[in-house]
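Each protein sequence line maps, in turn, to chains G and D. Position in the first sequence (first residue = 1) + 509 = the numbering used here. Position in the second sequence (first residue = 1) + 820 = the numbering used here.
It is worth saying that the hints were derived from the structure and are not from the lab. A hint or two may mislead.
Stated by the list, open to error - Label-pair distances were calculated between CB atoms; the ranges are: (1) G1002(D) - F624(G): 37 to 45 Å; (2) M514(G) - Q937(D): 48 to 56 Å; (3) S910(D) - I539(G): 24 to 32 Å; (4) Q937(D) - R642(G): 52 to 60 Å; (5) T837(D) - I539(G): 51 to 59 Å; (6) D894(D) - P649(G): 53 to 61 Å; (7) P984(D) - D599(G): 22 to 30 Å; (8) E933(D) - G542(G): 44 to 52 Å.
Please read all numbers here as calculations on a predicted model, not as lab measurements. Using N, Cα and C, we set each Cβ at its ideal position, and we do this for glycine too.
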Amino acid sequence: MANKMKKILVENKKHQRLYLPIIFLLFLFIDMGVVLMTALNSNFQNTINQPGSYPWLQLINSYLMAKVIFTPTLLAVVISRVVDIENIGDMWKTLKTSGWSMEEIFNIKFLVIFFKYIIFQILEGVLLVFIGRKIGITIPIPLGRLIMTLLSIIAISFAIMAIHYFLAMRYENQLIGLALGVCGSLSGIIGTFLPLSISRFIPYSYYAHLISTEFIQIGKEQWALKLVPLRLYPLLVSILLGNFVFFLSRRKLKRLDF
Amino acid sequence: MTMIKIEKLIKKYGKQTVVNIDSLQVKEGEIYGFLGPNGAGKSTTMKMILSLVTPTNGRIQIMGREMNDNTRVDLLQQIGSLIEGPSYYSHLTGMDNMKIIQALKDVPKKNIEKAIQIVGLENHMNKKVKNYSLGMKQRLGVAMAISSFPKLLILDEPTNGLDPAGMEEMRELIKTLPKEYGITIMISSHILDEVEKMVTSIGIINKGHMIFEGSLAEFKRNSHPSICFKTSNPQKTFRLLQEKNPEFKEEGILLTDLSDGEIAYCAKKIIDGGLDLYRMEEKTKSLEELFIQLTGKKNL
């Protein structure tokens, strides 16, 4: 355990001067900027405490749209940064000849960056609540739904990170992963306009599948917000997919010679 | 003690066999020169010794213990290495890099300070490694490799990319390590003149096969020194010594594989033939010439 902890600290030390906090902060501002666009909208503010307006869920929805657009790029960037530092100076050899197994390198590198992502995710959740309170939402927070949404976001991000992690480890050219990140964002956005039966096959669009309200037509030019039951498959499928990709790529990379 | 012992080591990539070594031995306290032309299999062999590449077949023993999954971590802790150029985190300073190595290899701080001092990088440790010159990176790589003051140090072409002064410095540094710190060194190079100045024994590999292994002196004994005769009439000298298979060279007439008696006989024949004998010189082949003779490669 102490040995593992030491290795985690070593991995963390390598992240110095990689400007990861700045990258996370930048995406945090972008995500919260999208939330603020909804929060500061006058139509939204006029109805926030009216019955059936679901203000918290509307804020979460705008946050989820920001996640669809920006998170794949964030994940591709941070993953490529932490893998590329080993590629640039060819540190894989030193790690391996220092007694690390490829399996350990693979696990610890992922663990450390994923942990940092979780902190970022929790921080965004807290800020979301803070913004809601600041604009005057007085109705209670749907805590269960919020927690399930955040857990699902973490699970989806885990799956996407695992895909990008494999690409970054397998191919020295980091543009491959970064390009996929951008394509992932685009396919996620496109996925939101596709029928659910199709977009279920696009993990990058799963953030949008967590959206908890939809507009239904109740009369001529009359619309009302309808609560959608929380979808559990993004959480479950992402956990399965993430684990599958993670363990498969670890097995594949284990056999790689240097 | 034998520090490295290799038996019937084979590495194949697909159908191509890149290494096929029957035997290789590095003894304690030696500086073992592992020589061969580019693509001969030097780096692959070294990588197999370090478990960076999995052998297709064969045995590798380090300090009397078989290298396998159970012993790998323990054995690697006693080996320092620099393979195919230095490794480093370019976004970090030299000192940050050394601190990471300190944590990775679990070595005391004083070792790190000593290693930095040995390679002479004390004044550059706060600079980011991406701003280092190639020579400085190479020295940092050596500092990392020796930071645990290992029993065995494996260096793959450590002078690659260095200028002549840098090469000389590196050579002097390598020579001091066995004497002062009891480190056994296996060093590969294709710059043969350079290796000649520091190694105690050598192994020559060509197309994946070992074609010579032994002491440097033993290797040179096989060199059969030549004698060059400089006379007043080279053409006539050539005719007079025809039976000894002479070679016509710019500096005189060259004869190889002569015993002392044969040298005296040739000298007498030249003088008796009415020629003036100006000079008789023994020409020893350099390691490089012998290497070319063995491997048949000039483009080293």
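Going through the hints against the structure:
no.	hint	in the structure
1	G1002(D) - F624(G): 37 to 45 Å	43 Å, holds
2	M514(G) - Q937(D): 48 to 56 Å	31 Å, violated
3	S910(D) - I539(G): 24 to 32 Å	29 Å, holds
4	Q937(D) - R642(G): 52 to 60 Å	59 Å, holds
5	T837(D) - I539(G): 51 to 59 Å	55 Å, holds
6	D894(D) - P649(G): 53 to 61 Å	59 Å, holds
7	P984(D) - D599(G): 22 to 30 Å	25 Å, holds
8	E933(D) - G542(G): 44 to 52 Å	49 Å, holds
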